[in-house]
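Asks: If you want the building blocks of each chain, they are given just below.
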Amino acid sequence: MSATTPSDVTPVWLTEKSTKETVDAELWHGIVDKNLADWEAEWIPDLQRRLKLLNQQKVERRFWPQSRHWDWREKLREIERRLANLSFAIMVEDMTQAMMTIDLTKRSRMPGHEGQHLVYIDFLEAAPWNRNDLAEEPAKFSGCGSILINAAIQQSILEGFKGRIGLHSLPQANSFYANACGMTDLGQDATYENLRYFELKPEKARSFIEKGKGE
Amino acid sequence: MTFDINKAWCQNAGARENSLDIGAGVIAADPMFTHEGGADESPEASRLALGRFINLMRRDQGLSIEALAEKADVEIGDLLSLEKNANHLPDVRTLYQLSEVFGVSQEKLMGLSGLTHANDDYVEEAVRYAAKSASVEVLSEDEHMILNGLISVLSENAKKK
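As you go down the protein sequences, you meet chains Y and X in turn.
FYI, the numbering for the first sequence is 398 to 612, going by my numbering.
FYI, the numbering for the second sequence is 8 to 168, going by my numbering.
If you're looking for bench data, these hints aren't it; they were derived computationally from the structure.
Glycine is no exception: its CB is placed at the ideal position from the N, C-alpha and C atoms.
Keep in mind that a hint or two might mislead.
[As the list claims (entries may be wrong)] Distance windows between CB atoms, simulated:
hint, chain 1, residue 1, chain 2, residue 2, range
1, X, 151, Y, 508, 54 to 62 Å
2, Y, 607, X, 148, 50 to 58 Å
3, Y, 610, X, 78, 29 to 37 Å
4, Y, 582, X, 8, 27 to 35 Å
5, Y, 477, X, 22, 30 to 38 Å
6, X, 15, Y, 402, 23 to 31 Å
7, Y, 452, X, 83, 28 to 36 Å
8, Y, 457, X, 131, 15 to 23 Å
9, X, 78, Y, 588, 45 to 53 Å
10, Y, 504, X, 71, 47 to 55 Å
11, X, 8, Y, 401, 15 to 23 Å
12, X, 107, Y, 437, 30 to 38 Å
Just chain X, with the same shape it has in the complex:
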């Protein structure tokens, strides 16, 4: 006996599901997952710095969140969460795409997000820069300076301390 699932329903379901993961079932004896996934152990300050960096870069390039999402081929919701929510753990792919668009190091963006363990001083430095900025609509001269500082800290060629 077959089921009643029509094309319109599937199209809507595909759009609704989009970037969501779907796995279900008991994890077979994997001792790593005895806690909730991720956010509680992640560095909130460095995630705030990551969100601030993305916000500044986006505005510096005159892009709306929607326009940046399209340019980087990432989900709007993921970008929104990245900018606004320090508990949000981004996808590896999202950070890869943003690093390509912004011309900075993917590895360092992953370090800021908490996806990787950052061994360098750049996290602390990025947080310091981000802490100097305030949220306004148009980038001020000060914000331009802060953004330039963040770019130099997060670029591939930044000098290791």
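Only chain Y is shown next, with the shape it has when bound in the complex:
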């Protein structure tokens, strides 16, 4: 059974796309019961509604969002007793906006960094209403992906991994990881459903968390 409260809460901010206003949000350290309840009661019905729209518009299945089979309750059950796995969620107005799980046991594949520890992002997903690939409705909030990547980098630094992170990107997100995050594309991985594998080097990690910080 998952926890009922997060171990820590970092204040963060998202951008409401329709107004371009900044809204107060929270980064929860640990996915808890509330997040799984939101996933079941809000994410899944909303995703089904949007898939129905795509189907009605006759969009081919290969262009439907790929994360629709993910089962967050099952994922959390798998990792809840493992110390080397951590999870995070972003909250706005008492609703889960995005979730991520990470694994601290993986090693770098990057040439010149092979064998070095990194934070591997097992899963990262935004709520259906924050996505651009689902029917004609615009996304509500932007910034969830960047905040979760920032969290993964800071966790990597805390673990002594110098900010190194790695992940397998869903096809529609390749541009985000390559261009917005500055990750290195190490190509398609035949052992991971042919998803592209990306890694972030320590210097790029520092640059990512400092970029636009101001002050």
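We have chain Y already, so just place chain X on it with the hints.
Replies: Showing chain X alone in chain Y's frame:
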């Protein structure tokens, strides 16, 4: 222990992320995704026709790409790619918004883009019209005729052959 993430950073990140999707992780046993997403299997000619149609409509209405993006509430980058890059797969929402602004069929724009499988002759006809146009700054009389032809092919009420 909390992290150091300040408001200015989040505001910049929100602007940078904007229309990009962010999902990561292994797809759970979904046999559909054993290949790269989309573009390689999509009809390049019909995407060129779609890009040409948008270019002509935009110029006919005297709009810059920026102005059309604002009018249709879509991303500038998506519009640019739609007009210039036949490998670009647009969002469903972008095509929906453009169909509303231009008063043509969303279903047909999606067919041209390759997002849906088009069963009608309109794709071939639209490609034929688009192939007749050349890229110039101001719409010539010929281009007006071509645009009118494209509009009639892509409108909701176009006669099915």
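Asks: Could you tell me which of the numbered hints above are not met by this structure, giving the numbers in increasing order?
Replies: none
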